[in-house]
Amino acid sequence: MTNHNWQFQTEQSLVEKHGLKLDEFEKIVEGLGREPNLTELGIFSAMWNEHCSYKSSKFWLKKLPTSGKRVVQGPGENAGVIDIDDGDVAVFKMESHNHPSFLEPYQGAATGVGGILRDVFTMGARPVANLNALRFGEPNHPKTKHLLSGVVSGIGGYGNCIGVPTVGGEVNFHPSYNGNILVNAMTVGIAKKDKIFYSAAAGIGNPVVYVGSKTGRDGIHGATMASAEFDEDSEDKKPTVQVGDPFTEKLLLEACLELMKEEAIISIQDMGAAGLTSSSIEMASKGDVGLEIDLSKVPMRAKNMSAYELMLSESQERMLMVLDPSKEEMARDIFKKWDLEFEVIGKVTDTKRLILMKNSKEEASIPINILVEDAPEYQRDYIVQEPSPIKEYKPEDFDQNNLLNDLNTMIMHPDLSSRKWIWEQYDHMVMADTVVRPGSDAAVVRVHGTNKGLAMSTDCSPVYCKHNPYEGGKHAVVETWRNIIASGALPIAITDCMNFGNPEKPEIMGQFVECIRGMGDACSKLNYPVVSGNVSLYNETNGEGIYPTPAIGGVGLIQDLSNVKTLSLKEDGNFLCVVGKTANHLGISKYISIIQSKEEGGTPEINLDTELRNGNFVMDAINQKLIASAHDVGEGGILVAISEMCMSGNLGITIEIETNFPHGYFFAEDQSRYLLEVSPNNYDACQKLANNNNVHFEKIGIVGGDKISIKNIGDQHISALKRSFETGIKQISQL
Amino acid sequence: MKSHVIVFPGSNCDRDVAVAIKNISGHQPQMVWHKETSIDQSDLIVVPGGFSYGDYLRCGAMASTSPIMHDVVKKAKEGVPVLGICNGFQILIESGLLDGALMRNSSLSFICRDILIKPKNQSSVFTKNAQVAKMPIAHNEGNFFVTSQQLKKIQDNDQIAFQYCDENGNVNEHTNPNGSLENIAGILNEKKNVLGMMPHPERAAELAHGCEDGKNIFESILN
Amino acid sequence: MLAKIYITLKKDVLDPQGSVIANSLRSLGFNNIEDVRQGKFIEVKLNTENKMTANKQLNEMCEKLLANLVIEDYKVEID
Amino acid sequence: MLAKIYITLKKDVLDPQGSVIANSLRSLGFNNIEDVRQGKFIEVKLNTENKMTANKQLNEMCEKLLANLVIEDYKVEID
Ligand SMILES: Nc1ncnc2c1ncn2[C@@H]1O[C@H](COP(=O)(O)OP(=O)(O)O)[C@@H](O)[C@H]1O
Ligand SMILES: [Mg+2]
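Protein chains in written order, with our numbering: chain A, 1 to 735; chain B, 1 to 223; chain C, 1 to 79; chain D, 1 to 79.
Everything labelled a hint here was simulated from the structure, so no lab data went into it. Keep in mind that a hint or two might mislead.
As the list claims (entries may be wrong) - Which chain D residues stay away from chain C? Per the calculated CB distances, all over 12 Å, these:
hint	residue
1	12
2	69
3	70
Claimed, not checked - Here are the simulated SDA-like cross-link-like pairs (lysine to any residue), alpha carbons at most 20 Å apart as the crow flies:
hint	chain 1	residue 1	chain 2	residue 2
4	C	75	D	18
5	C	40	C	52
6	A	143	D	70
Ideal placement from N, C-alpha and C gives every residue a C-beta, glycine not left out.
When you get a sec, could you build the whole thing from the sequences and use the hints?
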C-alpha cells in the first residue's frame, strides 16, 4: 500500500474499521466524486469485502471449467442449475458459515442452513436435500465437544423443522481447526427448466418488494460499534447474533413457491450476507438498472434503526423481489395467507444508481457500476511450496500380527468411525423420497413422482491438500465422483466451498492456486464442471491458517432407480473384487496418522486417465446389472472399506488374496479404486468388461459368515468391529 | 372413499402421507388448510407430521387451537377415524382427543431411525391386521407420559395401540428409543376411532423406502 | 403492562431435561446439586392498565395455550 | 436451599418463539398483546446453607452451562 498523507475528512481509523484499505477508499472518493457518508461507507465496505467481491479469488476461480452439455446455469447466480432430463433441473450450491458457528455453534450452523436453502429456492426450486461438510479441532480439544454438538443440533434444528431431509455430509477432526471450525452447508433443489428465476431487476418503475421477517440489528458489521455516531446508548445498539427461525423460512418457502406458479415475479434475490445491500445491488447490477429504496418502509423489529443499520443488517428469512405491478395485490394476498411481511419499499429506475431515502431524506446515492464492476480485484502474490516428499514404506517396518488390532483402532477413531450419532439427529427421510440414506457412499434422493434420482456427496481431504495442494484439489473432486459412481449414478456437476487461511500470505495463496489447478484438471478430465461455489478466506487463529479445505459437493443422476447401489454386502457366496491397483502408498494415510501418530509420507497421486477408465468401468458394470454392491476405497484403505461393507450388510468375508506386505496392501490409500460385490454368475462378464477396458479387476475374497478372515493373518468378528465403529464420534459427545 | 389431510403452517409430512394414501387407496385425499372451519364428509382424517408453528412453545399446542380443530374434534366424537402421526399425535393430545403428554426424548436429542413396533390393541380399525412392523421415527418430543391413574385407565380399556419392541416382539428398555412410559409408541381414544402414533407409516409405504410395513395401517382403514 | 408467567412441570412428572442438566453440573464440579427442574419463563407485554382484567386474561392465556395442564403448573405475576 | 434462575434472550436478539406465541394469542382473541418473549426458568436445589457461596456458585453455573451468554442474559434469585 502506498504511504498516504491522509487528506480526507473521513477519519482514517473509521475507514480501517470498515476493512477498507486506504487506496480502496481513494477509489471510492474518485468514483463518487466526493467522500462517502457513513451509510455509503458501510455499503462499500460490505460490497468490497472478500465475501461479496471475491477480490482475491476471482482471477483464479475463472480458471475452473464451468460449462458442459447439462449446465443450464453456471456460477454467478444464487445457485448452479443442471439439466436432469424430462424438463427437470437440479439446483444446488454449498456455502460456508464458519465464523458465526465458532461464536455460537447452534445458531451459526442453523442460519448457515437457512441461508443456503434460500439460495436454492430463490431460483424457483423446491429444496429436496441438505448436506454438510464439517471440520472440528482435535477430538479431545476442550472446545470440540461443545462445538460438535451445537453444530449438529443446529443443522438438525433448522433442516428438520423446515422439512428438508439432511441426507449426507462429511466430518473430520484435526488440530488445524482448533480455533476455527468449518461449517459448510449444501442444498439441492429441483425445478422445472422453464421455471427458473433469476436476480436481474427489470422494468423501469416496477415495484421492489420486501418479504419475509422483519429487520433487526442482527449480525450488523462489527464496524457499527466503532463508529462515532453511536456513542450514546451504544449498549442498545450492539449488533447481535443472528438467530434462525426455520418456521418462518418454511412459510417463506411455501409462499415464494406459490407465487412462483403465477407470472408475477420479474426478479428475486434472497437477502444473505450484507442483507439489503448486496441483494439490492446485485439485482440492479445484473439488470443494468437503478433502484430507489425508501428505507422507512422496511419492516423493522427494533426501534430507531438507522439507514446504516437497515442496509447492513443480516436478519434472516428475508427476500427482495421485483414484481409485475399488475400482480402486486395477488402477491400480497399470498404472503398475507402465510403471515409474512410484504412491503413495497422502492422501485426500479433508469438512473443506474442505488438511491436510498429515509423519511424523505437522501441517505445514499451511489452509481451501481462503481460498487460492482469497479470493485477491487487483486492478483495476490503466491508461492507454491514443494509437496511433501513421498515415502516408501517396507514390510519389515510393520508387524502383521497387529493388523487386525490396528484395524480396530482405526475404525474407532472419530475420522473413520460411524457418523450415525450425527445423522440420527437429522431427519433424513422427510419428503419420503430418500432412497439411499446416510451411511453409504452418496445419498440418493428420488425426483418426486418419477423413477429417477439424484446422488450426492460432499468430500475433501484437508491433509492431502496440505501436503500437496494440487493432488489434494484433484482428490476432493474425484472422491465425490467415485462416491456418486459407486451409488449407481452418472456424476454431472459440482459445487465447491473454498475454505482457506489469509490470502495475503503468499504460501496460503499458493495453496489456493494449486488446489484450484487440481480441481480444474480433475473437472475437465471427468467432464464434471463447477456450477456454483463459495469462498471463505481468512480462516486463521493467532496467525495460523487452517489446512487448505476445498470442500466439494457433487451431484449425479440415476435414470433408473433399480440401478441404485449401496455399500452393504448382500449375499453369501458372492465374490468381492477390487478395481484399480494397490501400490502400497501409505503416506499421509489414516494408518500412519492414527496408528503411528505421524503426518508424513506424501499425498497419493491420482492418474486421471486411470480414474476415468476405472470409473467408467464401474458405471458400465452397474448399468449392465453385474454388480450386487459397490463402494469406493477411500481413507483407511481397502480393509477399512471392506469392514464398512461387512458391518453395513451384517455379513462376513474370507479374504483369499496373498500379499507379502499386508499393512501396505490393506491400509494403503492408492487412488482410483473401488470394491465390487459380484455374484459368481456375473464374475466372468465383469472380468471381460474390465479386460476390454484395460482396467485392473481382481477377486480378493468370498462373502459369507460373521467374520472378516484374512488368510495367514486371522479373524475379526463383525459384531465386535461394529462396537468399535460406533464408539468413535459418540465418545466425543460423552467427553 | 374420502380422506382428508389437515395442513398447518409448518406441517411437512402432509404431502408424504397424501402420496401414501393415494398409492394405497387409489384416491387422492383432500388437503384442508388449518384456517378452514369444516371438513366434508370423511372416511379418514389425517393430522400429519411436521413442525406446526415451528414446535415453538410446546409441540402441537398452537396447532390445536387452529380453527379447523373444532371440526376435527367434532368429527372424531362422531366416530370418524382420525389418525395423528408424529406432530399430528402431539396435536391430538394437545386438543384433548388423546390422553397424556409427549415430552422431550430422554436422550434430549432428535432421533431419526428405523424402529420396530408391535400392536397391543388388535381390534381397532387401524390395528386390526397389525403385526410387528418396522418404520422410521423422527422426533424430538416423543417421550409419552401419563399419570398412573390414566395409565391404568388406558391399559384397562385396551387403548395402547403400539409399543416399541425388537424383531421378536420383546418390549423392554433396550427397545425404547425415547423414554416413553411402557414403551408406548401410539395410543387410541376410548372409542378406538382416534389413533396417535410417533412412528411414520407413510415413510415405510413403498419399495423405494426400503420397507413397506407401514402400508398395513392405511390398508386396514382404507380397504 | 409487563406480566411474567412461570410454567413448571408438576411435581410427579419426570423432567428429563432437568436431570441431564443436574448431571452436567455435577460433572462440572458442582457437587452439592440436589435437583434441577427446568421450566419456562414468559414475559407478556399487554396494552392495558387494569391489573384485574389483565390478571384474568393472563390466567386464561395459560389455561388455553401457554401451559399444558396435564403436566404443567403455572403462576402469573404482574409488575 | 432453593434457587431460581431466569434466562432471557438479550434485548435485540430475535425471539422466533415469542413472536409466534404472540400471534397465536392474538388469534385466540387476546388483542391487546404487544409483545411476548420466551425464556427459561430453572429451579436448582442446592445442599448448602450459605447464601453467599450459593450465589457465587449459581452465577458460575449460569456462565459455564445454563446460559448462552452470546445471546442470553440471566438472573439468579435465592429464596
Ligand atoms: N456431517 C454429516 N452429516 C450427515 N451425514 C454424514 C456426515 N458426515 C458423514 N456423513 C455420512 O456418513 C457416511 C460416511 O461418510 P464419509 O466418511 O465421508 O464417507 P466416504 O469416505 O465414503 O466419503 C456418508 O454416507 C456420509 O454422507
Ligand atoms: Mg464422502
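Structure versus earlier hints - violations, ascending order: Of the numbered hints given earlier, the structure breaks just one, which is hint 5.
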